[in-house]
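Q: Protein chains in written order, with my numbering: chain W, 5 to 490; chain G, 457 to 937; chain Y, 163 to 703.
Derived from the structure by calculation, the hints contain no laboratory data.
Among the clues, some could well be false.
[Stated by the list, open to error] Here are some, though not all, of the chain Y residues that point toward chain W, as calculated from beta-carbon distances under 7 Å: (1) E323; (2) D326; (3) Y334.
Being a predicted model, the structure only gives us computed values, none of them experimental.
All residues carry an ideal CB built from backbone N, CA and C; glycine is no exception.
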Amino acid sequence: MRHPTRRVRNACRSIAVMLAGSALALAASDAPAAAQTRFAWPDTTVQVSTYATVDLCLAAVQRVERGVQRHEALTLWRDTVPRDPRERSKPLPAPVAEAATRCVARFPEATAKLDDYAPLLALYLMAGRDADASALVARRVAAVPAKDTKERKAVQDTAVESYLRARPARLDAAEQILVSRAHGGSADRMDRMQIYAKLMTEAKGAGDTARSRRAARWIVAVADSLTPEERESDKYQEMGGGGGGRLVVFAAVQELLGLQVMLDSLRHGTAALVSLERNMWAEWLRERPEALPLPIGEHAPTIAADYWLPSAAGSTPRPTPGHVSYLVFVDGVDCVQMDPLGDIRDGCGPTLATLRRMSERFPTLDVTLVSGTHGHFVYAPPMTPAEEAEMLRKWLEPYHIPRLTVAVTSTPYWNLPRPDGRRIDKPTANYTSYTFGKSVKPLSNAYLIDQDGIVITALGMGESDLAQFIDVLVHRQVQGGEHAAK
Amino acid sequence: MRRGNGPARLVDSERILSKEECDAIVRRVLGFARGGGETRVRIYSWWNGELRWARNRVSLASDRRDIRVEVWRTGGVGRGNVSTNQLDDASLEAAVRAAERAALLAPQILRTPPGLPPLPHTERPTTTIWSDATYTATPETRGEVARALVAPAEAKGMLSAGYLEMRAGSLLQVSSDRLVDPYGPLDTPYVTWTQAQCSMTVRDQQGSGSGWAGLSGYDWGKIDANALAARALEKCEASQHPVALEPGRYTVILEPQAVADLMELIVPTLWRERAESGLGPWALAPDDALHLWRTKLGLKVVDERITISHDPADPELGILPTPWMQPVTWVDKGVLTNLAYDRDYALGRLNVNAALRGMTGYRMSGGTTSIEEMIATTQRGLLVTRFSNVRGLDQKSVLATGLTRDGLWLIEHGKITKAVKNFRFTESPLFVLNAIEQLGVPVPVFRPVKNPYDQSEPLTPAIVPPLKARDFSFTSTIDAI
Amino acid sequence: MPLTRRSLLKAGAIAAAAAAVPRPLLAQLGRHAEPLPPIEDPRLQALAARALETARTAGAAYADVRLTHTHERRFYPLFTYDDESMEVGVRALVDGYWGFASGPVWAPDEMARLGREAVHQAKVNALGKPRMVDLAPVPAVANGHWEMPVAIDPFAISPFEAQDFLTSLDIYSRRIPNAGTTKNTAVATMQEKAFASTVGSYCTQRCYLMEGVLAIGLELQKPQRKGEVGMECVSAAGMGWELYAGERIARVREHSLYEEMRRSVEELKADMLLPVKPVDVGRYDTVLDALSIASLVDGTLGRATELDRALGYEANAGGTSYLDDPFDMVGTYKAGGPAVTLTADRSEPGAAATVKWDDEGVEPDTFHLVKDGVLADFQTTRESAGWMKDYYTKTGQPIRSHGCAGAPSAVYAPIQQAPNLTLTPGKEAHDFDALVSGITKGIAIKGAGIDMDFQHSSGLGAGRAFEIKNGKRVAQIASAGFLFRATELWKALQAVGGDASLRRYGLRTAKGEPAEYCYHSVTAAPAIVKDLTVIDPLRKA
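Only chain W is shown next, with the shape it has when bound in the complex (with noise of 0.2 Å):
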């Protein structure tokens, strides 16, 4: 009995069980043959343990990982899969580690060249030679000249970032580096900013909330220290992937308040937790309360739009009195795109995953997506803002987000005189009135609402995080706490 079907799945599954076998040995599908082979590829397996090089290594290296990726591709889809902030802290996937260990077999600590010091620490610690790692960063330090703190900085640095970005994070040995030099000289103060912002991020990860505290109360002293024209420059305003220092240290401000304290603040009220988060951001940034670049505790302005999906949705104010609101931004121009081989990605599925788990696990919960037209859609030819509000809906219709209200407004906008005549979109209604005349872009596009229409937060969050905020609110909400008092 050969159903065609299975044959298909068949097939895929010796795609996967091939990958699987080992990332390293791709088998070819040929067998060798007397007679010439057309296309012929020689055996795939790459004996790593001859490499002569630590970059042949950690190409090696590269290469496997890629293939671990393209073997989970086929297995997992993993954009609707929530991000697991605990990923970092797993130990690298079998056949990664197995290839750098293999490689890195014929480059004892003893004689390896300092020359090869970064890329031969990041091999250690794939490998696990977590001893001779340290070994070589204290040889590597030992090599500096004593006078030269700034390399001796530079060396550190590579060693904490090393640390940093092993699978798992090495917290201990990059902070036992960071703490030994606290006193000592430093150059750059936004460089070190960024270091304890990694570690502060790696150890929350790994659920070190200790450590990452210790970090958060460095990254608001560092802060502290700034001068005025560091605060101004670009390096301090493209801080924290774009979103600018005071991002950073506002995350640190959180970090330090803890998720507990401000989850029975909200708990108590939302009032509770917006006084409680502008002041610790007064206190520790010595500004006002008022300054802080987020529109947390603002009022959410009610969403208009040219085009409501269902079409029903428009006779009700969104966000909806009385309800917990989640709305979040999104643009089909920027989600869809078809480069030139004429593929497309998908660049918003892990948002709407998350979207469509919060609507399933809170039946209570508005979820609203807000978009702009743009005259196309992917590689749709010109429409009215309806048929591009219609192409926005079947493009969401798969991910099956329950309850979703999507508010298309049709972007206003004009055209460069002729012949020129570049389209130049002009903000939404929504897009300017969601800024809230602050002058910091928020890092996120997403906004967590209550029942009193005040923005509780706006940061992206982690999911799991998103999930408890939102379950304090409802909970709130069924329980008739501020709300049903008010």
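Chain W is fixed; fit chains G and Y onto it per the hints.
A: For chains G and Y alone, kept in the frame of chain W given last:
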């Protein structure tokens, strides 16, 4: 007259693959694909009938053909591709397997999101640039033509060297996802084309004079080879024993070929995205308020007598079919009116479902002044036959260097007075197009496709006028005749 | 069943047979299509012979046939691309006229068709005035077989290994602060070729060509400058993967590729840190690095000593030669100063044009093109060697081809292609820096590219230029070029670097109509040219 892709041609020869043959190859390739996923196939075939001569004798006559089948397979989450020129089942299956293996090892992870609208309908004209006169020209014809071209030169004791080429090709690209309309961005329905070219260089026995003439186009029937031979010979005779002139700025009369040689520097620049990234001659200035680059679109960039356009309906300007066959004008009376763009750009930035062709084939407007009149009205200047070894030096100004070749003469008081030794120039075509004094009647020039393997290089005739311009910068004399 | 394209298009018995076996290339050697054996398989000779028999029967005075099987593998850091093709070309000579026919099918019927077609092509031209072809004699090669020796067969290693190597170059380049590779690809080509001619020769060979494009960019902050250096040590070579992975390669690089890269970037950085000066137009004693000299050798003497060019056979295409009276000039013409000795060969191990037999079955020899400044000979094929008969006879030299016939594959007709060229080094052990140290006031130029005129006489060169003061490079010169005339240039050649400073570069050149692209190597040392004219190429008249 038979159409290019009609079935009749299948019978007389196997020189290029027919549509039926290509379709059969596609079917077989798709049949070999295993495990689902997209398969793309691109098939091109070409035939060349050629003849070379030198020192007044044919040095080689040839008939050559080859094929390429390129296969892309999407397997798992990646895509791989390979190519071959063998059409048997074993080879094609091997190509598919190899592409699948490469797909398994590909670095990218491809996945199409669900819920997207269907591909919009895209017109794919299947017109051909086909000339039976080109395709059916026999080796005997080429031999006779060559003898006729050589004879006048030989009779005058000159040495003729040249090349005749008739060429035909076919191209098809499809995807298993879109075997029929609508086509994807890379798809091409079966198309065929021909090209003919003829060029020759006549030199004297002492190597003191050299003349050239050449013409290319899809239709051999439109090439008057004997006229070319006469022109090359005449130029050779007139260019003997040249004198050296001081480098410097001269008024120049550029024959159409010389103008076309300079225009090659402009051809690749006329793209919106380049200009809007601040690159090349058409970027104007950054607009800090709008965070974009303003371009010179709408500005006068060259002499108002210059219009550069292309109309595919123009029988002299046939091009391989593209979905966007509308007439286009890049420069209208000296004003930059259009820069090319692809469909993605048009959708996003202009909200139109269109693309605008780059300046491949083109017609440049001219005037009515004959070269003789230009000479007669020149006090002191140089007449240039063509340029050689032209190379860009600066993208912004399109400043370039190159050499004059095969005929350069001094004009004094309205008359050609002597042959001049060749110069190296350092000049920009934009400068020339802004220093025009007179323009002549546009004519087709020599502009053949160079690489038979590269079908991305379209067949691109150009129709260009002669012109007279001021202050052309010649920077050094060279030895070469 | 005859193997023609049409029969193959009708998928049939072959498909069934092929489904069971690994994926073979097919050739029809007997009555049926069968997997292509290695090129040395004796049965291929019968296939080749079929073309010759048909051509001879049709009236060819001479005919030859080439079968090529070409496998190209392009390596990128993240993927690999394969192209494989089989081609066959038959050439016939009738009454002094050449005909050629080629296509992609290896089968007896197709051999016969090509044999007939080649003769037909020749005959229709033989109708006119007579043409004389006096092919230089060549000993028949009886069943020769040769394989280019390579240390690492690029098709035998895992493509992953090659990809890892390219990736490791990326990784290594980023060890250097502000540096990174800007170009990083490698192409391996294996070409098997069978050749047979009516002289009675039959020989097969397997050649390799490895070529890389590797460049590293460097961005400096203080002062803000951008630079790039190309790693010419991976330019085309008749080698295998050792071109990348090998430790030291004589005349190519002294160190591993990583180390070579590090040194190149460091040199680039030091150069970029020099102050920048505008060009001061004038005549200067100029030190040119090995790459610049190699470009100059190739563009001037190299092209000019191609006999077909010198006689006008390329007048309508790639250009002629300033050695325009070859039979009078050879043996007497002063092509350069006494320091100039240029040899040519196609046998140097590792060089890009190296073969055992050329495309006419000739085993190439090593010969002088210029000896102690005097033009000594020309590059020849069997036909063009015949043109030199009088000179060879007069000077008591054998009339023989130097083995310079070639073409990219059998689909192209063979023409005279450039052999490997070597400019003899100086006796003193000078390198670039040593030459610079001997100059009080002058210019130094690295990596010059040149534009030649179509007679390969006058040229414009431009590269990274430096001012030399008291034996040291003290400044970079922005936008400097140099003008030269070939013979004056080579007469002004003062000092050539020593044997240790020789470097070999693989170059690709186009020639003929239709254009044929072939590779050869040029080996040269850095040298001093007296009174070179330095200009600003961007300055108009």
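Q: Among all the numbered hints in the text so far, which are the ones the structure does not match?
A: Those not satisfied: there are none.
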